[in-house]
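These are the residues of each chain, in order.
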Amino acid sequence: MAVLTEEQTMLRDAAKSWVAEKSPVTALRKVRDSGADHAFDPAAWREIAEMGWAGILIPENYGGSGLGYLTLGLVLEETGRTLTASPLLSTAVATSALLLAGNDTQKETWLPKFAEGKAIGTIAVDEGAHHAPEKISLKATKDGSGYKLSGKKSFVADGSAADLIVVAARTGGKPGDANGVTLFLVPGNAAGLTREKLKTVDSRGHANLAFKDVSVGADAVLGSVDQGGAVLESILDRARAAIAAEMLGAAAQSFDVTLDYLKTRVQFGQVIGTFQALQHRAAKMFTDLELTRSCVEAALNAIDKNANDVAALCSLAKAHASDTWHLVSNEMVQMHGGIGMTDAHDAGLYLKRARVAEAAFGGASYHRDRYARLMGY
Amino acid sequence: MAALEARESELESFRGEARDWLAKNFPPSLKDVDVAMQVTGGWKPTGDAKLWAERMGAKGWGTPTWPKQYGGGGLSKEQARVLLQEMGRIGARSPIGGMGVMMFGPTLLEYGNEEQKSQHIPKIVTGEIRWCQGYSEPNAGSDLAALQTRAEDKGDHFLVNGQKIWTSGAQYADWCFCLVRTDKTRKHEGISFVLIDMRTPGIEVRLIKLISGNSPFCETFFTDVKVPKENLVGPLNGGWTIGKRLLQFERAGLGGGGGSQGRMEGRSLEQMAKDYVGTDERGRLADTDLRGRVTQHLMEARAFTLTLQRAQAESKSNQGPSAATSIMKNAGAKVAQDRAELTLEIMGHQGMGWEGDAFTPEEIVAARTWLGGKAVTIYGGSSEIQNNIIAKRILGLLDHQ
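So the sequences go chain by chain: A and B. According to our numbering, the first sequence is numbered sequentially starting from 1. According to our numbering, the second sequence is numbered sequentially starting from 378.
Treat the hints as calculated values from the structure; they're not laboratory data. All values reported here derive from a predicted model rather than from experimental measurement. Cβ coordinates follow ideal geometry from the N, Cα and C atoms, glycine included. Be aware that a few hints might be false.
To be verified - Here are the simulated DSSO-like pairs of lysine-lysine, each with C-alpha atoms no more than 27 Å apart in a straight line:
1) B:K421 to A:K263
2) B:K500 to B:K427
3) B:K751 to A:K16
4) A:K142 to A:K107
5) A:K148 to A:K107
6) A:K284 to B:K769
7) B:K711 to B:K586
8) B:K751 to A:K284
9) B:K651 to B:K621
10) A:K135 to A:K118
11) B:K621 to B:K751
12) B:K401 to B:K421
13) A:K305 to A:K22
14) B:K494 to A:K284
15) B:K564 to B:K586
16) B:K621 to A:K284
17) B:K427 to A:K305
18) B:K445 to B:K427
19) A:K16 to A:K30
20) A:K152 to A:K135
21) B:K401 to B:K500
Unchecked claim - Ranges between beta-carbon positions, derived for each pair:
22) A:M1 to B:R466: 47 to 55 Å
23) A:G173 to B:G655: 46 to 54 Å
24) A:R265 to B:K586: 43 to 51 Å
25) B:I771 to A:T264: 40 to 48 Å
26) A:A20 to B:R458: 47 to 55 Å
27) A:N330 to B:S694: 30 to 38 Å
28) B:E389 to A:R265: 32 to 40 Å
29) A:N308 to B:S694: 20 to 28 Å
30) B:P404 to A:N308: 34 to 42 Å
31) A:E233 to B:A522: 50 to 58 Å
To be verified - A short, non-exhaustive set of chain A residues, derived as facing chain B with CB atoms under 8 Å:
32) T26
33) R29
34) D33
35) Y261
36) T264
37) F268
38) S294
39) A298
40) L316
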């Protein structure tokens with residue numbers, strides 16, 4: 001655990017107790033089984049906002065606390081532990097986009113609403129089965145002083161609930177070109193935008209978006225025209241580090257639950273945790289979790305400090321968190337045996353969320369390739 | 378706040394003091410030379426190295442946090458860190474090292490009596506006396522407490538008979554800290570911690586040749602060796618606790634292995650791979666499978682380095698020892714061994730050289746490092762033992778035995 005300030009410790013402890021009282025895993029089951037509109041509980045989201053978590057990244061003059069990414073990571077780690085379904089992370093990514101590239105009017109319009117939980121934000125980047133920001137093809141064509149957007153976005157987190165969608169579109173060049181990408185701020189209720197809610201294994205809110213001549217004004221451009229590629233990478237890096245923090249918490253919880261089971265389940269007249277074959281697999285998971293924690297905290301810290309190796313550290317954190325949770329979620333099911341296969345047990349919920357989170361903003365192999373590219377080989 | 382500022386300014390004035398002293402006393406010819414490694418390797422320092430060792434020894438700065446009354450530097454942890462920073466800045470390495478400094482000294486300071494500390498600590502501080510470790514035996518490796526080297530009570534002395542193995546540097550050592558059996562009826566509670574003068578009659582040392590061609594280890598035989606009673610450290614039959622404490626110092630020292638290998642001088646692993654294997658038109662390693670594994674390794678090495686830094690930051694901030702410490706040996710060993718295997722694979726046939734002009738010195742070193750490195754997961758508590766320790770002490774799982 002990183003060395004924390006008093007403020008950070010208080011916030012983390014508050015998150016721990018809120019999650020335990022108000023958002024245990026049963027809350028996710030309730031959301032799933034009740035078929036909640038956007039796959040989260042609006043009352044829980046209100047409480048999250050009231051506690052100030054939606055404003056952690058937002059500067060004080062826009063109604064937030066401006067505490068930064070490591071602090072956000074502490075909260076996401078705790079909400080990750082119980083698989084809390086909320087648009088906190090998606091909104092934080094949209095917040096990051098505004099902070100990195102927004103003009104004063106754009107920030108004034110959205111950031112106070114985000115901080116209060118009165119608006120939900122998200123980012124729409126991918127268009128196919130895999131994370132591929134370099135392959136953006138959704139077209140934005142000049143239309144008077146504004147633009148018309150046409151094309152598709154897939155698997156947008158909280159896409160059906162979002163009031164603001166940061167859309168990465170192509171204003172020039174062709175898919176694969178570095179230049180020609182522009183970011184747009186598109187309201188969720190824009191005319192011509194169709195949002196298809198997806199039923200996914202993790203029971204969270206994802207949507208496919210279809211844009212048909214969606215009109216936006218010139219004031220919807222976030223940052224500069226054709227030059228959005230670099231800032232998009234910076235936004236995505238913040239998303240990667242943030243989701244890695246959620247994954248760290250969820251993986252740690254997967255492990256803790258499994259470790260408890262090893263200490264209580266009796267077979268052959270003894271607690272199964274006395275078997276060395278299981279002990280060494282537990283030690284391996286613990287080792288991986290410790291390494292992942294170092295990577296995640298280093299990435300969040302690097303963002304806060306505006307260090308020069310943010311990109312590499314965020315890829316490292318996302319890849320490491322993905323590999324670790326992948327292993328731990330599989331072992332969670334295996335070590336629980338038959339009970340782990342039942343819907344009544346939580347193991348399956350962790351396994352399902354693990355794979356979705358692994359694929360979000362690039363999986364382990366995507367980030368290993370990116371790390372190698374960043375290092376020049 | 379004021380107290381904090383006062384401490385900061387005190388530290389800064391110490392920094393000035395350290396900087397001045399180093400400027401006057403560090404021979405520039407030794408910049409980036411690892412003098413201590415040569416000393417523990419049986420080499421008697423001469424010239425500038427001798428001078429540097431004498432000066433650092435007299436100042437006590439090779440053992441900066443040890444008490445002044447035994448010749449240590451008497452510095453606080455913060456001051457010692459500043460000293461290390463200042464030494465690092467000018468490429469000065471401590472000439473005082475070896476097992477005495479890393480493991481035995483700290484243990485004796487905790488458990489030794491006044492006479493023992495006054496006799497031995499000052500000579501470790503000056504590097505005058507070299508120590509070796511009499512722990513493992515042919516039938517007591519991972520199960521160290523099964524050791525059988527016998528120390529019989531003969532009134533004013535113990536009579537020691539038995540055999541130790543993997544006694545690194547025994548051929549150069551002046552003294553040996555040794556675990557011996559003083560009670561045959563009890564396992565852990567029948568072990569004592571004694572100090573043996575290596576010049577005592579009845580001690581024979583033989584070199585063991587390893588797969589790497591090197592002989593860093595010895596077998597040490599004890600035949601009717603007389604050890605004075607005053608050389609018992611701690612209580613009779615209380616040696617296991619002391620012996621384990623020493624292992625903690627040993628493992629803490631071994632932990633960094635992977636990290637430091639990752640920062641080896643010369644070409645980086647990725648550069649080496651580019652040079653031997655070539656790149657495609659986009660500058661990527663031509664062998665995509667190798668590229669993937671090189672990347673996975675380098676990311677793992679980075680994660681390990683970040684974990685070392687995190688554990689350091691956590692222990693500095695008075696959160697107590699970091700839980701991460703327990704994983705260091707295994708994680709570091711994996712990084713070091715993976716690196717050696719990848720290096721060999723990258724070099725292909727050229728990585729298989731034993732000696733001779735057909736191979737570059739870098740290639741020969743790669744092969745020898747690969748072979749020697751297989752010991753990392755065996756010594757200092759094998760990887761399996763480390764996993765047992767994590768399972769039992771950190772995760773609270775019950776003993777499998």
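A quick look at each hint next to the structure:
{"no.": "1", "hint": "B:K421 to A:K263", "in the structure": "violated (55 Å)"}
{"no.": "2", "hint": "B:K500 to B:K427", "in the structure": "holds (15 Å)"}
{"no.": "3", "hint": "B:K751 to A:K16", "in the structure": "violated (44 Å)"}
{"no.": "4", "hint": "A:K142 to A:K107", "in the structure": "holds (24 Å)"}
{"no.": "5", "hint": "A:K148 to A:K107", "in the structure": "holds (23 Å)"}
{"no.": "6", "hint": "A:K284 to B:K769", "in the structure": "holds (13 Å)"}
{"no.": "7", "hint": "B:K711 to B:K586", "in the structure": "holds (24 Å)"}
{"no.": "8", "hint": "B:K751 to A:K284", "in the structure": "holds (20 Å)"}
{"no.": "9", "hint": "B:K651 to B:K621", "in the structure": "violated (45 Å)"}
{"no.": "10", "hint": "A:K135 to A:K118", "in the structure": "violated (33 Å)"}
{"no.": "11", "hint": "B:K621 to B:K751", "in the structure": "holds (24 Å)"}
{"no.": "12", "hint": "B:K401 to B:K421", "in the structure": "holds (23 Å)"}
{"no.": "13", "hint": "A:K305 to A:K22", "in the structure": "violated (33 Å)"}
{"no.": "14", "hint": "B:K494 to A:K284", "in the structure": "violated (40 Å)"}
{"no.": "15", "hint": "B:K564 to B:K586", "in the structure": "violated (31 Å)"}
{"no.": "16", "hint": "B:K621 to A:K284", "in the structure": "holds (23 Å)"}
{"no.": "17", "hint": "B:K427 to A:K305", "in the structure": "violated (44 Å)"}
{"no.": "18", "hint": "B:K445 to B:K427", "in the structure": "holds (22 Å)"}
{"no.": "19", "hint": "A:K16 to A:K30", "in the structure": "holds (20 Å)"}
{"no.": "20", "hint": "A:K152 to A:K135", "in the structure": "holds (12 Å)"}
{"no.": "21", "hint": "B:K401 to B:K500", "in the structure": "holds (24 Å)"}
{"no.": "22", "hint": "A:M1 to B:R466: 47 to 55 Å", "in the structure": "violated (31 Å)"}
{"no.": "23", "hint": "A:G173 to B:G655: 46 to 54 Å", "in the structure": "violated (31 Å)"}
{"no.": "24", "hint": "A:R265 to B:K586: 43 to 51 Å", "in the structure": "holds (49 Å)"}
{"no.": "25", "hint": "B:I771 to A:T264: 40 to 48 Å", "in the structure": "violated (18 Å)"}
{"no.": "26", "hint": "A:A20 to B:R458: 47 to 55 Å", "in the structure": "violated (39 Å)"}
{"no.": "27", "hint": "A:N330 to B:S694: 30 to 38 Å", "in the structure": "holds (35 Å)"}
{"no.": "28", "hint": "B:E389 to A:R265: 32 to 40 Å", "in the structure": "violated (57 Å)"}
{"no.": "29", "hint": "A:N308 to B:S694: 20 to 28 Å", "in the structure": "holds (25 Å)"}
{"no.": "30", "hint": "B:P404 to A:N308: 34 to 42 Å", "in the structure": "holds (36 Å)"}
{"no.": "31", "hint": "A:E233 to B:A522: 50 to 58 Å", "in the structure": "holds (56 Å)"}
{"no.": "32", "hint": "T26", "in the structure": "violated (27 Å)"}
{"no.": "33", "hint": "R29", "in the structure": "violated (28 Å)"}
{"no.": "34", "hint": "D33", "in the structure": "violated (34 Å)"}
{"no.": "35", "hint": "Y261", "in the structure": "violated (12 Å)"}
{"no.": "36", "hint": "T264", "in the structure": "violated (12 Å)"}
{"no.": "37", "hint": "F268", "in the structure": "violated (13 Å)"}
{"no.": "38", "hint": "S294", "in the structure": "holds (4 Å)"}
{"no.": "39", "hint": "A298", "in the structure": "holds (5 Å)"}
{"no.": "40", "hint": "L316", "in the structure": "holds (5 Å)"}
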